[in-house]
Amino acid sequence: MTHVRLAGFVAVLPLICALVPSLATEIAPENRRSAYADMSRETKAMQDDDTANPAMLSVLDGEVLWSRKTGAADRSCADCHGDATQSMKGVAARYPAFDAKSGKPVDLEERINLERAEHQKAPPLRFESDELLALSAYVARQSRGEPIAPPNDERLAPFIAAGRAIFDKRQGQLNLSCALCHDDNWGKRLAGNIVPQGHPTGYPLYRLEWQSLGSLQRRLRNCISGMRADVPDYGAPEYVNLELFLMQRARGMTMESPAVRP
Amino acid sequence: MARTLINVPPKAKRGQVVEIKTLISHVMETGYRRNETGVAIPRDIINLFVCTYNGTEIFRADLHQAIAANPFITFFTTATESGTLEFKWTDDNGQVETASAKITVE
Amino acid sequence: MTDKSYSHPTRRAVLVGAAGAGAFGVAPFLTLRRAEATPETMKAAIHRLIGESPVKKGKVTLDIPPLVENGNTIAMSVAVDSPMTEANHVKAIHVFNEKNPQPDIISVHLGPRAGKATFSTRIRLADSQSVVAIAEMSDGTLWSDTVEVIVTIAACLEYN
Numbered sequence: 001m002t003h004v005r006l007a008g009f010v011a012v013l014p015l016i017c018a019l020v021p022s023l024a025t026e027i028a029p030e031n032r033r034s035a036y037a038d039m040s041r042e043t044k045a046m047q048d049d050d051t052a053n054p055a056m057l058s059v060l061d062g063e064v065l066w067s068r069k070t071g072a073a074d075r076s077c078a079d080c081h082g083d084a085t086q087s088m089k090g091v092a093a094r095y096p097a098f099d100a101k102s103g104k105p106v107d108l109e110e111r112i113n114l115e116r117a118e119h120q121k122a123p124p125l126r127f128e129s130d131e132l133l134a135l136s137a138y139v140a141r142q143s144r145g146e147p148i149a150p151p152n153d154e155r156l157a158p159f160i161a162a163g164r165a166i167f168d169k170r171q172g173q174l175n176l177s178c179a180l181c182h183d184d185n186w187g188k189r190l191a192g193n194i195v196p197q198g199h200p201t202g203y204p205l206y207r208l209e210w211q212s213l214g215s216l217q218r219r220l221r222n223c224i225s226g227m228r229a230d231v232p233d234y235g236a237p238e239y240v241n242l243e244l245f246l247m248q249r250a251r252g253m254t255m256e257s258p259a260v261r262p
Numbered sequence: 001m002a003r004t005l006i007n008v009p010p011k012a013k014r015g016q017v018v019e020i021k022t023l024i025s026h027v028m029e030t031g032y033r034r035n036e037t038g039v040a041i042p043r044d045i046i047n048l049f050v051c052t053y054n055g056t057e058i059f060r061a062d063l064h065q066a067i068a069a070n071p072f073i074t075f076f077t078t079a080t081e082s083g084t085l086e087f088k089w090t091d092d093n094g095q096v097e098t099a100s101a102k103i104t105v106e
Numbered sequence: 001m002t003d004k005s006y007s008h009p010t011r012r013a014v015l016v017g018a019a020g021a022g023a024f025g026v027a028p029f030l031t032l033r034r035a036e037a038t039p040e041t042m043k044a045a046i047h048r049l050i051g052e053s054p055v056k057k058g059k060v061t062l063d064i065p066p067l068v069e070n071g072n073t074i075a076m077s078v079a080v081d082s083p084m085t086e087a088n089h090v091k092a093i094h095v096f097n098e099k100n101p102q103p104d105i106i107s108v109h110l111g112p113r114a115g116k117a118t119f120s121t122r123i124r125l126a127d128s129q130s131v132v133a134i135a136e137m138s139d140g141t142l143w144s145d146t147v148e149v150i151v152t153i154a155a156c157l158e159y160n
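Chains as they are written, first to last, in our numbering: chain A, 1 to 262; chain B, 1 to 106; chain C, 1 to 160.
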């Protein structure tokens, strides 16, 4: 079992070395494409059909949680936010956003937990827990079809810059950067897979590799570990900064949440 | 918590062949995966799926570990009369999940 | 690039363990584990379900993509050419594989009320291999279709 993994790793090595190690050049806006475009017919069908998309099971769970009273305040999300199909429309498309209280950006999952603490007096939901994924899937679903619209907030500038720096930085045992694959070599094949541009158009999404729904943070951790670099813990500021940068990079692209990916 | 998604056309003509789609959340643990410490995670799969139409069985499937997580099964049936389709999933621990959908046949 | 980082399996195993220790209890799906089934095991499983009667090629269409993006979830449908009348229908459709640890995939039981002898689902394949679908007709005859599927591994193997 280990030597099959080794074989895979060794096979990939010359391919990685063959990747053009040029200066990271940003993708021109008109050339941006979602990984959806490169998926097989069957996987596209899985995303397009709400009765075939396992992520919709979480969306249904989220709908139930939305109206459930919770916490010491005994309040539901619906009590303040009403009908999510109206109040949450476009919200996921503009997160991460600046949180004035903490003085830094927060992503959708962190915002949900902040709301729980402040208005429901309820404990935070664990990252990647069924409940947090269900709520974020339900909220994100309300942005499906909307253009990604990160806020034009000056306060976000240093964090976007930090996210960009992570994206461009070479790290890990393979000395790779996100940009090397996703800016410079998207569309080319790496061991049978097509390298995507890496736009966060469909999160949280059902990943076939996980056989479950997962957040953008989970995917970023997988990428970083796949590069053989140190993986920061869930909730580390690196993730929000990177997510913020990725949403800027994907500005104007259409939200697909909750998507399906291989 | 909602764990199933059923798609049955709400209306059909008598004699029309209709497609039924079903989706249920289940990890379908094969018994071959190991956790971080190397211990095998016990097998836990849905092994039986049955659909009845006004009480008569119209579809039955024996599932094995090779069925992917969150089993998605689609099949066909002839719309014979108005009534209820009942769906039942049974897993290795004997736990049963059910769902139903109504169909109006003209 | 030196050979050091991948010539020592034990060091890689330690790396996996260290990365895993920080995880939130998510078990990595270890793809391409050494498969235990063989073509003989598949034959035995087939005989166990349908006996020793001869199986003819035809009438059955097994639809699986020949090259799959991910072995964890592969769309599969089986359609059998049959009028599905009381006198002439498909009783059951059985699907088998060659190289997963278990040879059985699914057995579907139908009747004339089905209207169409077609079903679909999503399956797992541990490795590139053959998949066989066998239809049992009401008159006792057996028909089959076989597809060779190529399963690739993900490029960026991850340790959650």
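No lab work stands behind these hints, which were simulated from the structure alone. Every residue, glycine too, gets a C-beta built ideally from N, C-alpha and C. One or more hints might be untrue.
Stated by the list, open to error - Restraint-style ranges between C-beta atoms, simulated for each label pair: (1) Gly187(A) - Gly83(B): 28 to 36 Å; (2) Ala40(B) - Arg48(C): 23 to 31 Å; (3) Gly51(C) - Leu48(B): 17 to 25 Å.
What the hints assert, rightly or not - Here are the computed lysine-lysine pairs in the BS3-like style, where the Cα-Cα straight-line distance is at most 30 Å: (4) Lys102(B) - Lys13(B); (5) Lys89(A) - Lys13(B); (6) Lys88(B) - Lys91(C); (7) Lys57(C) - Lys88(B); (8) Lys44(A) - Lys11(B); (9) Lys89(A) - Lys88(B); (10) Lys13(B) - Lys99(C); (11) Lys44(A) - Lys56(C); (12) Lys44(A) - Lys104(A).
Here's how the hints hold up against the structure:
At roughly 52 Å, the beta-carbon separation of Gly187(A) and Gly83(B) lies outside the given 28 to 36 Å, and the hint is violated. Checking the proposed 23 to 31 Å range against Ala40(B) and Arg48(C) shows it holds: the Cβ atoms sit about 25 Å from each other. Gly51(C) and Leu48(B) have their C-beta atoms about 22 Å apart, which keeps the hinted 17 to 25 Å range intact. The straight-line distance between the Cα atoms of Lys102(B) and Lys13(B) is roughly 14 Å, inside the 30 Å bound, and the hint therefore holds.
Simply put, Lys89(A) and Lys13(B) have alpha-carbon atoms about 38 Å apart, too far for the 30 Å limit, and the pair is violated. Taken as a hint, the Lys88(B) and Lys91(C) pair is honoured in the structure, with Cα atoms around 20 Å apart against an allowance of 30 Å. At most 30 Å may separate the alpha-carbon atoms for a hinted pair to count; Lys57(C) and Lys88(B) exceed this at roughly 33 Å. Between Lys44(A) and Lys11(B) the alpha-carbon distance is near 28 Å, which keeps this suggested pair within the 30 Å criterion.
Pair hint Lys89(A) plus Lys88(B) does not hold up; C-alpha atoms about 35 Å apart against a cutoff of 30 Å. Between Lys13(B) and Lys99(C) the CA atoms are separated by roughly 44 Å; this puts the pair beyond 30 Å, and the hint is violated. A C-alpha spacing of about 34 Å is found between Lys44(A) and Lys56(C), which places the hinted pair above 30 Å, so the restraint is violated. Only pairs whose Cα atoms come within 30 Å are accepted, and Lys44(A) paired with Lys104(A) is rejected, the gap being roughly 36 Å.
The structure fails to meet hints 1, 5, 7, 9, 10, 11 and 12 from the earlier list, while all remaining hints are met.
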